[in-house]
Structures are given as structure tokens and as C-alpha cells.
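Novice: Sequence:
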Amino acid sequence: MTKQCRLRAIIGRYSGLLFAMLCMVLLSGFQSYAADFTGSIQSALINQYDTRKINVSAVLTGTPATADNRIYLFEIAPYEKDLGARTDYIESRAIGENLTFTVDVFKNPGAMRIYDAFVLAVQPGVGQPFQIISNRCYVSNPEMIAPDQSPAVNRGKKGLMVDPNILQDAISLNIKHASIAISTELLFGKGISYTHEGINYELNLQYVNLIDQQVKTLTANGISVTAVLLNGWNDAYPQLYRPGQTKMPSDAAVYYSFNVETEQGFRMVKALASFMAKRYNGRSGYGKIQNWVIGNELNNQYWNYAGNMDVASYTLLYQRTFRVFYAAIKSVCANDDVMFSIDNYWNSLPESGSVGKYKGRDILEYFNYFDMQEGRTDWALALHPYSYPLHNPAFWDDLQSGKCNDTNDTPVISFANLHVATDFMQNATIRKRNGEVRNIYLTEQGFTAMDQGTDTSVQQAVAVAYSHYIADANPYIKAYMLSRQLDHVTETKDGLALGLSYADPATGALVYRPAHDVFKYIDDPAMSQSVSDFAKPYLGIISWSQLIPGFHLPQ
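FYI, the numbering for the sequence shown is 1 to 555, going by this note's numbering.
No lab work stands behind these hints, which were simulated from the structure alone.
Please note that the accuracy of each hint is not assured.
Unchecked claim - Dumping the calculated DSBU-like pairs for lysine-lysine here, alpha-carbon to alpha-carbon at most 30 Å: (1) Lys157 / Lys536; (2) Lys359 / Lys247; (3) Lys53 / Lys432; (4) Lys403 / Lys157; (5) Lys278 / Lys176; (6) Lys53 / Lys278; (7) Lys357 / Lys81; (8) Lys432 / Lys157; (9) Lys81 / Lys359; (10) Lys176 / Lys157; (11) Lys357 / Lys403; (12) Lys520 / Lys176; (13) Lys53 / Lys81; (14) Lys278 / Lys107; (15) Lys190 / Lys247; (16) Lys520 / Lys536; (17) Lys278 / Lys432; (18) Lys403 / Lys359; (19) Lys432 / Lys176; (20) Lys493 / Lys359; (21) Lys520 / Lys157; (22) Lys81 / Lys247; (23) Lys157 / Lys216; (24) Lys403 / Lys536; (25) Lys176 / Lys536; (26) Lys176 / Lys216; (27) Lys520 / Lys493; (28) Lys359 / Lys432.
What the hints assert, rightly or not - With beta-carbon atoms standing in for the labels, derived distance ranges: (29) Gly285 / Asp50: 51 to 59 Å; (30) Ser352 / Glu91: 48 to 56 Å; (31) Ala77 / Leu539: 26 to 34 Å.
All C-beta atoms, glycine included, are put in the ideal place defined by N, C-alpha and C.
Throw the hints in and build the complete structure from the sequences for me.
Specialist: Encoded structure:
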């Protein structure tokens, strides 16, 4: 069966356009010589009985004419498009032999093979360059070598996007999860020396100390920390960005794709990922980051600028970057979750942003497909089910907006139809390697207390109660992180007031909105019912079970 036919069989449920784009992207690395035969690396797994070894399993379709009748196993970095003049293969087999290879995790004392892919290659003629004949396949289970195998801590679902300047207020809200932002472009600087794979990097002690303070404080209070890694612009470190990338106007992009397309960029990304994974492992004295979101809202390049490209190429570029963070984090703490995020535009293009806008479901499907083709991981999903339109906190009216319905083709996903996303994630082709539904986090959603000058603070409080109950009743949601603790100046300029509180203009003191206490007590068994009863008349119900299947009060 030809490579194209096998691909069509795998992705037959996708549209013709999707099939064509996948073929174009995946086959671009194969040379014309390999057209009549292919190799397929089916898995690369760290041996559970001897974690110093990686088992690479492959098959060959067809019989190639080669100089020596042998198949060669190479490792290849994300920035390498082909093998060039390389001859440093790891192992070889005679054609016809069992294509199961056992290789060392460490390629040298300071570098592991968990960041590179494996490929099969042949030498067409004597003295000719090696040519790749297979897919790339990365190690699927770096968690096998993690020193920390302890289970993830999850004391509940309620969480908040916290303001680092008022952490004690956040802690007083009895949150179980906290979302913090880390600006990765600020991590490099002076004050900390960190060596990775034999190269020394200077890191920004002042900025790292700020992260330390947040993570330590939250961890000490039993709160699970989710870090959102955002790659802003820093003129001093052009290696962090794609080759040729220049700073974009602020209305086009605020964050950028990580660079794994050059050797220097790849090494820097590995170093910062490794540094953070080890520093915030919960055993180094700096607190624990348990969940990691790589980038923000992948379906809108305003948050992950990579340049003009189709959705398949863009997602593959991101997916290979994601694997660097995944390998670094999971090889330190086996049960940390590493995830990517999409916004609420499920089957429609985001309305904000000027370039690189994609449907959220397309991003998810492409990511999942490339993950299957290049080594199945246990990635998690971060979803942002904002109401539609954003300036209306009454998400229970979203089904009348024309943008929100109960089918998988819905343009938008909000709390009114959240089940669409969790139903989709139960598909067999989307699940984890062990067949379980992937972990799903609601890492950002909020409700405005001001609708174009009209006070909607009561509706905001209703939305907080109702949305939390929806998330709590959905068994596939791991956490619900509200945006936000305090109004943000950029959002208020746009007529949005998402904070549970706002700062008094005269004194700067926090002023609590009605939603503040609703959020504080919504998961308290003794208080939840009393703080949410006010919402029922607004929704026309006498019992929450009228709206929420499987509803139960906190216990």
C-alpha cells in the first residue's frame, strides 16, 4: 500500500481538504527516492523494566534497492529537515530482519534522546547520502525516567487566574487551583547560572525570584499551580524566535512561537524548559508547578505568532515545540499535566486578531493527528469557554446567539454547551494511550460585570455560580480557573470588567463585587446552597438539577 493510501486509511474521517493538507505536510520530508517503499516507526518507548533503554519498533513496506541491503536508525532534531551528509546512525539491520531496536536513553553523559525523533534511512548507492524513508517518532513516555512518580494533587476544581500583587486575597477565596503567567522571554539574563547538555546559560535572577515567591506561597497553602508559558518579545534574545522573525505591531501579535527550527533556538528552549521543570518540582524549595500550558489560545496567532501558514503546518510546528516542553517536564515529574489551549471558537474563526486565525477544533484534530504519527503522548487540553458575545455575562442565553448550539459543528463553545467539547474528547481516536479520556482544564473563562456601560455585576455573580456547578458536575473537567481576580486595565478600556473585585479609583482599595463571595463559598458544603439561591429566579428555576444533569452540591 502506498504512503498516500495508508494516510487516507488513517484519516478517512477527515475532509478531503484536511487529507490533502496532512499529506503535503507529512510527506514533505521524504525524498523522491523513497516513493516505492516506506518505513514506519510505530513506537519509541522507554523500557519499563530497564529505564536506561528505549525500544524502537518499526516495519518496512516494500523492498528498497540499496547499496548494502540495510536499514539504518538515526536520531534527528526538530530543526533538521533531512540527514544531509550525516553518517552517525545509531544502529542498522539487514532488510528482512526484525526492525526492533534497543538504544540508550543517554546518547552521552549530559544529553538524553527524549528530545529528538527517530527515523529510518537507507543509502541508495555507494557513497550517496542517507535518505529518510519513515515518519519521525519521538519517545512517547519520558515520564518513565522521572524521579517523581507521585500522583498529582487535586483538592477540588475551583481555581482562579491570580494577581501576584494580591495573593493573600486569592488564598482567602479558598481556591484549589491558581493560574499564573510566566513570560519566558524574561527568563534569560543575569544572576543564575544553569548548565544544560554541557552549555551554560545565564538566567534572570530578579524575574525568577518573582516567580518563586508566587509558586512558593501558593504551594504552601495547598494550591495546585498552573503555569501559562508566554513567549513575549525580547530584542536581546532573537534566538527565541523563528528565523527571520521581527517584532510585530501590538495589534498583530503580543506573543510568539518558540523557536526549535535552529540548533541554538532548540537548545535554548530545552534549557528553559528543563530549568523550570526542575526548579518547580516541589522538592527544590521553590514550590510546585503541577500543570503547564505551552503558549496561549493556539487557534489565534495573536498569542503565538509564527507567520503566514496553513493550519496543518502551523500546528505541526507548534506540536514539535510542545514535545520539547513535554519531554523536559514529564521526565522530572511523571504526573504533571502538559497542555495546549484553545479559545471558545470551536468551529469558527476567532473574531479578534488580524493574522493566523484558525478553528479551535481544527487545531485540536491536527495536533492529535500529528501526535499519533510522531509518538503518542498523554497531552492534556486547556479550554477557554467564554460566553458569546463576550460582553454579555448571561451565557445561558448563548444558544439564542446563533453562534452556539449542541452539535459538534457549533461555531462557539461556552458553558451553555460545554458538553460538546467533553463529548468530543471521549472519541476513541482522541483518548490517551491507555484508553482514558484526556485531562481537560478550563484554564481561562470569565464574565463581565459591565456591559458597555451597564452594570451587570449581578448577572456576573449568577454566571459564576452556574458555571462552577456545570464544571463540577462534568466528570471530565479537572479544574475551573476563573478570569479574573481583579479588573485588568486593557480589558476595562474595551468595556469589560471581569474581576471579582476592582480597585477603588480614589484609594486603590479592593472593592468586592457580588461575585466575590459567591465564588468564595460556591464549593463550601456548608455555604454553597445559600450563596447560590439568589441566582435561581434569574434563571427561572427552583432547582439546579433542572439545568444541570448530575447536579450535586459540594460534599
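Novice: Indicate, hint by hint, whether the structure satisfies it.
Specialist: A quick look at each hint next to the structure:
Among the hinted pairs, lysine 157 with lysine 536 is consistent with the structure: their alpha-carbon atoms are about 22 Å apart, no more than 30 Å. A hinted pair counts as satisfied when its Cα atoms are at most 30 Å apart, and lysine 359 with lysine 247 qualifies at roughly 25 Å. A C-alpha spacing of about 23 Å is found between lysine 53 and lysine 432, which places the hinted pair at or below 30 Å, so the restraint holds. Taking the CA atoms of lysine 403 and lysine 157, the gap is about 28 Å. The hint holds against a cut of 30 Å.
As the CA atoms of lysine 278 and lysine 176 are separated by approximately 23 Å, the hinted pair is consistent with the 30 Å bound. Straight-line distance between C-alpha atoms of lysine 53 and lysine 278 comes to about 22 Å, which keeps the hinted pair within the 30 Å bound. At roughly 26 Å between alpha-carbon atoms, lysine 357 and lysine 81 fall within 30 Å of each other, so this suggested pair holds. Pair hint lysine 432 plus lysine 157 holds up; C-alpha atoms about 21 Å apart against a cutoff of 30 Å.
Of the supplied pair hints, the one linking lysine 81 and lysine 359 holds, its CA atoms being roughly 28 Å apart against a limit of 30 Å. Taken as a hint, the lysine 176 and lysine 157 pair is honoured in the structure, with Cα atoms around 6 Å apart against an allowance of 30 Å. At roughly 17 Å between alpha-carbon atoms, lysine 357 and lysine 403 fall within 30 Å of each other, so this suggested pair holds. With a C-alpha separation of about 11 Å, the suggested pair lysine 520 and lysine 176 falls inside the 30 Å cut-off, and the hint holds.
Distance hint between lysine 53 and lysine 81 is fulfilled; the C-alpha atoms sit about 26 Å from each other, no more than 30 Å. Straight-line distance between C-alpha atoms of lysine 278 and lysine 107 comes to about 21 Å, which keeps the hinted pair within the 30 Å bound. Between the alpha carbons of lysine 190 and lysine 247 the distance comes to roughly 23 Å, so the proposed pair stays at or under 30 Å and holds. For the proposed pair lysine 520 and lysine 536, the alpha carbon gap of about 18 Å is at most 30 Å, so the pair holds.
Taking the CA atoms of lysine 278 and lysine 432, the gap is near 25 Å; set against the 30 Å cutoff, the hint holds. Distance hint between lysine 403 and lysine 359 is fulfilled; the C-alpha atoms sit about 13 Å from each other, no more than 30 Å. Between lysine 432 and lysine 176, the direct Cα distance comes to roughly 25 Å. Compliance with the 30 Å bound is thereby established for this hinted pair. Annotation: proposed proximity of lysine 493 to lysine 359 holds, straight-line Cα distance about 27 Å (limit 30 Å).
Simply put, lysine 520 and lysine 157 have alpha-carbon atoms about 13 Å apart, close enough for the 30 Å limit, and the pair holds. Distance check on the hinted pair: lysine 81 and lysine 247 sit about 26 Å apart at the alpha-carbon level, within 30 Å; holds. Distance hint between lysine 157 and lysine 216 is fulfilled; the C-alpha atoms sit about 20 Å from each other, no more than 30 Å. For the suggested pair lysine 403 and lysine 536, the alpha carbons sit about 25 Å apart, so the restraint of at most 30 Å is met.
Our distance criterion of 30 Å between C-alpha atoms is met by lysine 176 and lysine 536, whose separation comes to about 26 Å. Between lysine 176 and lysine 216, the direct Cα distance comes to roughly 15 Å. Compliance with the 30 Å bound is thereby established for this hinted pair. Straight-line distance between C-alpha atoms of lysine 520 and lysine 493 comes to about 27 Å, which keeps the hinted pair within the 30 Å bound. Taking the CA atoms of lysine 359 and lysine 432, the gap is near 23 Å; set against the 30 Å cutoff, the hint holds.
The hint said 51 to 59 Å for the Cβ distance between glycine 285 and aspartate 50, and at roughly 32 Å that hint is violated. A hinted range of 48 to 56 Å for the beta carbons of serine 352 and glutamate 91 is consistent with their spacing of about 50 Å. Take alanine 77 and leucine 539: their Cβ atoms lie about 54 Å apart, and the range 26 to 34 Å is violated.
Hint check: violations occur at hints 29 and 31; the rest are consistent with the structure.
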